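**Student:** Chain B: place on chain A using the hints.
Residue strings, one per chain:
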Amino acid sequence: MGELLIGLYVFVLATLAGREVISKVPPTLHTPLMSGANAISGIAIIGALVVTGVADSTWVRVLGIAGIVMATINVVGGFMVTDRMLQMFKKR
Amino acid sequence: MDTSIIAQIAYLVSAILFVSGIKQLASPATARSGNIRASVAMLLAIVVTLLDNQILHWTTVVAAVIAGAVIGGVLARKIEMTAMPQLVAAFNGFGGGASAAVAAAEFIRLGGNGPGLAVGTGATIVLSTLIGAVTFSGSLIAFGKLQGIVTGRPVTFPLQKILNALLFLGVLVVGAGLADVGIGDAVASLFGSSAIEIGGPFFLALVAGALILGVLLVIPIGGADMPVVVSLLNSYSGLAAAATGFVLGNMMLIIAGSLVGAAGLILTQLMCKAMNRSLGNVAFGAFGTDGPTAKAKTGERPVRDVDAEQAAMVLAYAGSVAVVPGYGLAVAQAQHELKKVCDLLEERGVRVRFGVHPVAGRMPGHMNVLLAEADVSYDKLLDLDDINAEFDTTDVVLIVGANDVVNPAARDPDSVIAGMPILDVDKARAVIVMKRSLSPGFAGIDNDLFYMENTLMFFGDAREQMSELVKEVREA
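Residue numbers (this note's numbering), protein chains in the order written: chain A, 1 to 92; chain B, 93 to 568.
No lab work stands behind these hints: they were computed from the structure.
A portion of the hints provided could be inaccurate.
Result set (DSS-like, lysine-lysine): computed pairs, CA atoms no more than 25 Å apart in a straight line [what the hints assert, rightly or not]:
# : chain 1 : residue 1 : chain 2 : residue 2
1 : B       : Lys-365   : A       : Lys-90
2 : A       : Lys-24    : B       : Lys-170
3 : A       : Lys-90    : B       : Lys-472
4 : B       : Lys-365   : B       : Lys-431
5 : A       : Lys-24    : B       : Lys-115
6 : A       : Lys-24    : A       : Lys-90
7 : A       : Lys-90    : B       : Lys-431
8 : B       : Lys-472   : A       : Lys-91
Quantities reported herein were computed from a predicted structural model and do not represent experimental measurements.
Next up, chain A with everything else stripped away, as it sits in the complex:
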């Protein structure tokens, strides 16, 4: 089975699993859900790390660095702001 096909299997199954767990998130938490999911989309950082780490030309390096910076903003900022929001949700 080709790598592309395996990827497709994983993609479809992960989407279905995501659907199941995410549809149980209540409307109250939709903003933190979105900003948390947003932080997870910064997973592109691992692609950027690999590409930059082995860069053999200037352009690859420039793009890689841009990728790392943008993805890290996304990851660090996303998780931190989500935590900031979630700690405000309290029951009294």
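**Tutor:** For chain B alone, coordinates are given in the frame of chain A:
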């Protein structure tokens, strides 16, 4: 990229942590640890990636990570809760931009188009560049609209849809050419050049086309439709990451990307449902005006207006009060004053809870975050169905800066908002509407609620009036 067995297993552990972390978001009690779990998953994935690959340029990599972490950290700490929609829009854009940058770097590394590029790889590079770039520019426009840099009104011009369609088609043709599915050679021969030489310019054309497309897709969408756009861009940023996973053959990227893609898509569907409109209508309808520019017949019918003292009396002597917040609450930053009023009412024995419409504000759940910031207990935040079941036993509804979501016109099949699920506030015994004027909301239509017999209009800036209300309730 060849991933070792150990790294693959670590990625699997990360994937499990991501899914179970999101699962914990199902309850406010466990949500915080769920987010921490997801961030641990991310850290694990990053560390494993760094150890598993031969990183030649450590200094560069570390410097870039530190730069990004500082920028992201400062933004996350400084941002006002009212500005959360634009922050999330900007973060979406960075995620999409990162995916596109990685795909572009791979394109260059693999030597551009030509015999060296397998058909599948070419197609995935095109796809992740396309989605990533559309997400990037679209999110920047969404950020601009939410921040007030770009007009919140729909920007439309003649032949807009046709231009969008042509541009999309053009991007697809260029993309197909790059992906080398046969059309590539045909297009290349058209320009009298070999596929290899034309790869670079074609790639730039793809990036430029995708960036313009992102702008054009978001500018016709008005302010109050932003919850849909932000959700959709959220979904795109995930899909872009997943597509990059296909480029690199990395399952971690595919799994995490598809989780985000699913999250964004579910939220998009929920937002559309909450407005009873299709995604197509939101995307291309250029609905509403986001402001008092719409000319509606107002002022012809009498309204009953009250001052702070009268409003305070009505609230203070009620048995139960339901508060309905809208975007106006966020604009006026009146959430803390509102909380003070509610505390005073509760001290008097009034039962207070909040009814939050799914599309109140500029992103899904926007109002809940503002109220949580003001220390409102989350078990008092009720969603549409729960609060609607309680209105007929509620004495007073206090509406703060909301309009279309409480407009009974939604029950009229001829109205532009026909069928939109609304908060049935008119079933309560009395309604107090705190609003600057009688001007219509985003939908641009008059609100019959304001003229009803049991409705009291409490005009003014929400924050100033709320401070007045605090004083008056205290004295009542």
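**Student:** Confirm or reject each hint.
**Tutor:** For each hint, the structure was consulted:
1. B:Lys-365 <-> A:Lys-90: violated, 29 Å
2. A:Lys-24 <-> B:Lys-170: violated, 30 Å
3. A:Lys-90 <-> B:Lys-472: Given that 25 Å is the threshold and the Cα spacing comes to 11 Å, the pair holds.
4. B:Lys-365 <-> B:Lys-431: Violated. B:Lys-365 to B:Lys-431 sits at ~30 Å, over the 25 Å cutoff.
5. A:Lys-24 <-> B:Lys-115: holds, 8 Å
6. A:Lys-24 <-> A:Lys-90: Distance of about 19 Å is within 25 Å: holds.
7. A:Lys-90 <-> B:Lys-431: holds, 14 Å
8. B:Lys-472 <-> A:Lys-91: The hint holds at about 9 Å.
Against the hints set out earlier in the document, violations occur for numbers 1, 2, 4.
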